[in-house]
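S.K.: Please build the complete structure, drawing on both the sequences and the hints.
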Amino acid sequence: MTGWTIGYGGLLTALGIGGFVATGREHKTALIPAGVGAAALGLGLLARRGSSRKAALVGATAVAGLGLAGAARGLGKLPALLRGEPVERPAAVIAQSIMAGTSAAYLLAAVPSLLRD
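Residues in the sequence shown are numbered from 1 upward in steps of one, following my numbering.
Everything labelled a hint here was simulated from the structure, so no lab data went into it.
For clarity, every value in this text was computed on a predicted model and none was experimentally measured.
Just so you know, not all the hints are guaranteed correct.
Cβ-Cβ distance ranges computed for the label pairs, FRET-style [stated by the list, open to error]:
(1) Gly50 x Arg83: 48 to 54 Å
(2) Leu75 x Leu45: 27 to 33 Å
(3) Pro90 x Lys28: 34 to 40 Å
(4) Asp117 x Gly70: 42 to 48 Å
(5) Val58 x Glu26: 35 to 41 Å
(6) Glu26 x Pro86: 18 to 24 Å
Listed below are the simulated SDA-like cross-link pairs for lysine to any residue, each with C-alpha atoms no more than 25 Å apart in a straight line [as the list claims (entries may be wrong)]:
(7) Lys54 x Val111
(8) Lys28 x Val111
(9) Lys28 x Ile98
(10) Lys54 x Thr13
(11) Lys28 x Ala92
(12) Lys54 x Ala91
(13) Lys28 x Ile94
(14) Lys54 x Ala105
(15) Lys28 x Ala38
(16) Lys77 x Leu11
(17) Lys28 x Ala91
(18) Lys54 x Ala104
(19) Lys54 x Arg73
(20) Lys54 x Trp4
Positions of the beta carbon are idealized from the N, C-alpha and C atoms, including for glycine.
M.R.: Set out below in structure tokens:
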């Protein structure tokens with residue numbers, strides 16, 4: 001799970017930085033996925049240490065839960081965007097949907113893993 005955590009954190013960090021740059025560096029809120037990703041990445045690196053592995057992975061799972069909760073609202077606007085209908089801040093809808101999807105996928109992998117350990 002450590003590798004998944006580092007990958008999840010790296011992906012969200014890239015999403016946040018990429019979204020910020022893609023939107024012309026005007027909207028600092030585009031960096032929110034990078035903040036969540038940096039926290040997950042740090043916890044993933046901390047999990048490599050044997051003594052703090054379980055606690056770090058539990059923390060990363062909590063971060064992913066918060067990430068999913070915070071980004072889920074973008075999923076509601078995604079169908080309209082995909083149909084070509086106008087939506088407010090389409091880049092945010094895309095970033096939130098990606099963040100929600102990756103957070104959900106991480107949680108689906110992490111929770112059973114933590115319950116087994």
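S.K.: Now, for every hint given, state plainly whether the structure supports it.
M.R.: Okay, the hints, checked on the actual structure:
For the pair Gly50 and Arg83, the supplied restraint of 48 to 54 Å holds, since their beta-carbon distance comes to about 50 Å. The hint said 27 to 33 Å for the Cβ distance between Leu75 and Leu45, and at roughly 29 Å that hint holds. At about 18 Å, the CB distance of Pro90 to Lys28 disagrees with the hint of 34 to 40 Å. Checking the proposed 42 to 48 Å range against Asp117 and Gly70 shows it is violated: the Cβ atoms sit about 27 Å from each other.
Distance hint check for Val58 and Glu26: the Cβ-Cβ separation is about 36 Å, which falls inside the suggested range of 35 to 41 Å. Here the CB-CB span from Glu26 to Pro86 is close to 20 Å, well matched to the stated 18 to 24 Å. Of the pairs offered as hints, the one joining Lys54 and Val111 holds, with about 12 Å between alpha carbons and a cut-off of 25 Å not exceeded. Between the alpha carbons of Lys28 and Val111 the distance comes to roughly 31 Å, so the proposed pair goes past 25 Å and is violated.
For the given pair, Lys28 sits about 18 Å from Ile98 by alpha-carbon distance, which is consistent with the 25 Å threshold. Taking the CA atoms of Lys54 and Thr13, the gap is near 23 Å; set against the 25 Å cutoff, the hint holds. Of the supplied pair hints, the one linking Lys28 and Ala92 holds, its CA atoms being roughly 11 Å apart against a limit of 25 Å. Restraint check: the Cα-Cα separation between Lys54 and Ala91 comes to about 35 Å, which exceeds 25 Å; the hinted pair is violated.
For the suggested pair Lys28 and Ile94, the alpha carbons sit about 16 Å apart, so the restraint of at most 25 Å is met. The straight-line distance between the Cα atoms of Lys54 and Ala105 is roughly 19 Å, inside the 25 Å bound, and the hint therefore holds. Of the supplied pair hints, the one linking Lys28 and Ala38 holds, its CA atoms being roughly 16 Å apart against a limit of 25 Å. A hinted pair counts as satisfied when its Cα atoms are at most 25 Å apart, and Lys77 with Leu11 qualifies at roughly 22 Å.
A C-alpha spacing of about 13 Å is found between Lys28 and Ala91, which places the hinted pair at or below 25 Å, so the restraint holds. With a CA separation close to 20 Å, the supplied pair Lys54 and Ala104 stays within the 25 Å bound. Taking the CA atoms of Lys54 and Arg73, the gap is about 30 Å. The hint is violated against a cut of 25 Å. For the given pair, Lys54 sits about 14 Å from Trp4 by alpha-carbon distance, which is consistent with the 25 Å threshold.
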